[in-house]
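Throw the hints in and build the complete structure from the sequences for me.
2 protein chains.
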Amino acid sequence: MAQKLRIIPLGGLGEIGKNMTVYEYGRNMIVVDCGVMFPESDMYGIDLVLPDYSYVVQNQDKLRGIVLTHGHMDHIAALPYLLREVKAPIYGTPLTLGLVERQLREKNVFDRATLTTLTQGEATHLGPFQITPFAVAHSIPDSVGLVIDTPVGKIVHTGDYKLDETPAGGYRTDLETLERLTRDGVLAMFGDSTNADRPGRTPTERVVGETLDRLLSQAGDQRVIIATFSSLLARLQEIMHLAHKHGRHVALTGRSLVENVKLARDLGYLDVPEGVLVDIEARVPPSKMLILSTGSQGEPRSALNQMANDQHRQLKIGRGDLIIISGGTIPGNEEVVGQMLNKLFERGANVIYGPMATVHVSGHGSRDEMRAMLETVKPRYFIPAHGEARHLHLHAQLAVEAGMPAERVFVLKNGARWVTDGANAWMDEPIAVDEVLVDGRLIGEIGEIVMRDRRRLSQDGFIVALIPINEHRQLVGEPQIVSRGFIYLNGADDLLASARQEIKRQYRRGSHNLQRALEDLVYRETQLRPVVLPQYIQV
Amino acid sequence: MAQKLRIIPLGGLGEIGKNMTVYEYGRNMIVVDCGVMFPESDMYGIDLVLPDYSYVVQNQDKLRGIVLTHGHMDHIAALPYLLREVKAPIYGTPLTLGLVERQLREKNVFDRATLTTLTQGEATHLGPFQITPFAVAHSIPDSVGLVIDTPVGKIVHTGDYKLDETPAGGYRTDLETLERLTRDGVLAMFGDSTNADRPGRTPTERVVGETLDRLLSQAGDQRVIIATFSSLLARLQEIMHLAHKHGRHVALTGRSLVENVKLARDLGYLDVPEGVLVDIEARVPPSKMLILSTGSQGEPRSALNQMANDQHRQLKIGRGDLIIISGGTIPGNEEVVGQMLNKLFERGANVIYGPMATVHVSGHGSRDEMRAMLETVKPRYFIPAHGEARHLHLHAQLAVEAGMPAERVFVLKNGARWVTDGANAWMDEPIAVDEVLVDGRLIGEIGEIVMRDRRRLSQDGFIVALIPINEHRQLVGEPQIVSRGFIYLNGADDLLASARQEIKRQYRRGSHNLQRALEDLVYRETQLRPVVLPQYIQV
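Chains Y and Z supply the protein sequences, listed in that same order.
Following the numbering used here, the numbering of the first sequence begins with 44 at its first residue and continues without gaps.
Following the numbering used here, the numbering of the second sequence begins with 44 at its first residue and continues without gaps.
What the hints contain is simulated information worked out from the structure, not anything from laboratory work.
Just so you know, not all the hints are guaranteed correct.
[Said to hold, decoys possible] In silico contact screen, one side only, chain Y against chain Z (beta carbon under 8 Å); selected entries: (1) H287; (2) D482; (3) L500.
All C-beta atoms, glycine included, are put in the ideal place defined by N, C-alpha and C.
So, in structure tokens, the structure goes:
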């Protein structure tokens, strides 16, 4: 009996982040990407979210390798965690592997890794899989999509891409190679859905270059500070050239930026004109200075946020500073970014952001580009990937509008098992996948109960009632109340007295639901619902 | 000695919401608007934020009246709270007063209010102030700006406005009246800054009508559900007409929508074609049905969110439903709206939102409109109003670009006291204003300490350590640990044992900082920082 191919997304479907996909054929498996997700705002206190890779750990004898499409955190940053449990060779382009190496060294797992370089257009064999990367335009250089040859047919895994004809750094999507590699037909495509709700095409990165050029030529005597993502290496390249053109030196602030610039220069991905880069403390007149900074998302400890709060060690913001936010605001960050911008304006800076000028464009293609990709690849089956549910559904709709039969388009969830024998495709029972929450040193130990308690504590705080009882479970002495985040108890004598009264009354009546009685009392008096915990103390 | 005019913003500057401005001349005072703000996401558990109107309460003998520009919550909804402490006549246009009446009746303070109707273009005298309202285009009918004549000169208080030439309902900004009223010169303008970061003009409301018309003509057999703000009465009017045109009945779901439609019809602000409105349970085929719903912001208990969660009493969403989100996402709501959209797609609905089509436009003018307003009014002094700090600063920049001397443009904060004698203007010492937080039944009782505790509890939960001591303050028996929102203690025996050990050790050493010792222990083991409270129990 012929073997089947299974595609099992472990992360990245129904969410933006933690991309990880398993391709399984008989007793062989490869994993594409292994990223993290940054927590949503209702994941109180959580630092990071990992994909649930227990299936990979359980089947590690089958694992032939981990293949990476590019070096963004949502595609590589779960590797240090996975490698603690699994040993497998890692494949990627040079810049991607450079970024991976840094991640692994930071978490002390580099000695467990074997890194192998992929070359665009050249095939690598991993068991029955043959992987051929093709270049794609994205917001980080050296990004690739993958053509995955399997015994039942070819799969195209696009990775993150746009079809920018004039990208910074010249990293175009190589549709010619993709066409050549897929000439004999494609069984299925697994495609980036990020911007499936955006009509038309994503503007070219060149527009950003032109805007920055114009702003720099108008900057006059102002000191210029540009905040961007440290991973937007093509943007950094453009800014280096523009600084040189306008006779400005460039200084860097923000750890990830300093590290990424160093790495990209070492690997030959960033060409900095002679003498442009200076130390942040160098004595350069403001009109000759351009500072590159992290913090376009208002991250609390980022360099730009430190400037906004007047806590930056070297830089003080004031009148005469032109600040350009050259990074789109990730959904969920609007409020913190807005608060940071307010503070920068209040310090007297002139700030250019968001809708005021095209200082950022997305690294993902819009609907017309998705359609062009579908028409280039002409897959028999299509699986929208990399997006929240709405993006996946809209990408599926687009495929049907473009002429694909609806029954050949599969909107999947994480843990789904999509199966094909090359002629037909169907779904096997899904595997159970959870969100793996990282909080401090705890990985996967924080579950739904703790999250629910944190949510409730955040709303109305807590009350612990300490009830002294003797060995016969009789109340002896006065109950004590401990509380935080509820109301300020120093001014709430009446409420405290009522609560103590209620405890005694309930106790006398032999009530067994003291918690409920206290919750009701508190709600009647305040209309708040703090977490209430009666605690018996045997004295 | 001549009297001076003071303008004292109590809310609305440096924030979007709770608009309230005091105009003070000698022993006379008027208040313009009295709105609430919806809490920012870091205001844990808070229901509403009120402006700090203690200055008005303290000076209520001076108060000649409260004048309202329009009926949105951020301009009227703090009135029920203020009227508990102050008695003053309220002035507004008919629809605004209708909405105020409902607010006051709901909170049982209607008997304390005297409502007086303002007529556009006609002056009303309030002590030394003469108020003449002029019509403005905004997203609710009957909106006005105010020309305020004072003994030292004329003030233009724009209220919320755009310069839409083709607004729904025909409510244009009446620049002719404004020009006539201000022909003899304007001392100062207090102007809406909401969209100061948007270049060009805000698209006309007519575009939304055209988009909805096109979507309805393409809807075919689908049931159509349109979610919008219940206060967008001009949009509701447009939708009623379009439904009639396309042969659909309209049913309403969502309490505020039902109430606003009733009120607007009673007052003659909404013209519903005969037979269009039907009950939500009426037996109408999907192809003839259009449901108007609340919930465009993903509000947890709104009708659309109930549909997304399959908890709506009458409506079940599925394939064959076309849902149109005809309301812009308020910053901070992006995540919850996104989650709601995801669920609607997952139920099989076809959802049209945000960037996919022009299904919403702002009710506030963009930079070109702000410039046109400045050029119409030609004020001697300018105070940007209604916006966060970045909007105020950008509006100020715009005024200077438009030719105003920078020293005549004042960017203020809430509590600032701007003073003019008609010839010059300067700042007096500001008055102290706080944010007044409403949480359940508590108004202004929740302060910084409780908010800080809630923030910390939301991140890492709490631990209460109960330590039994005797009358000689000696440890007797085993300490107990109570915790929520930290980690799931059932699996944390080691940590609990270490904590008990640490308590005993610290106690034996006579340590006085048991809290710190426990915090350190917990951080070493978990890298979390829960709220730690040691509590001594005398047994």
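TODO: Against the structure, test the hints numbered earlier, and report the numbers of the ones violated in rising order.
DONE: Per hint list: single violation, 1.
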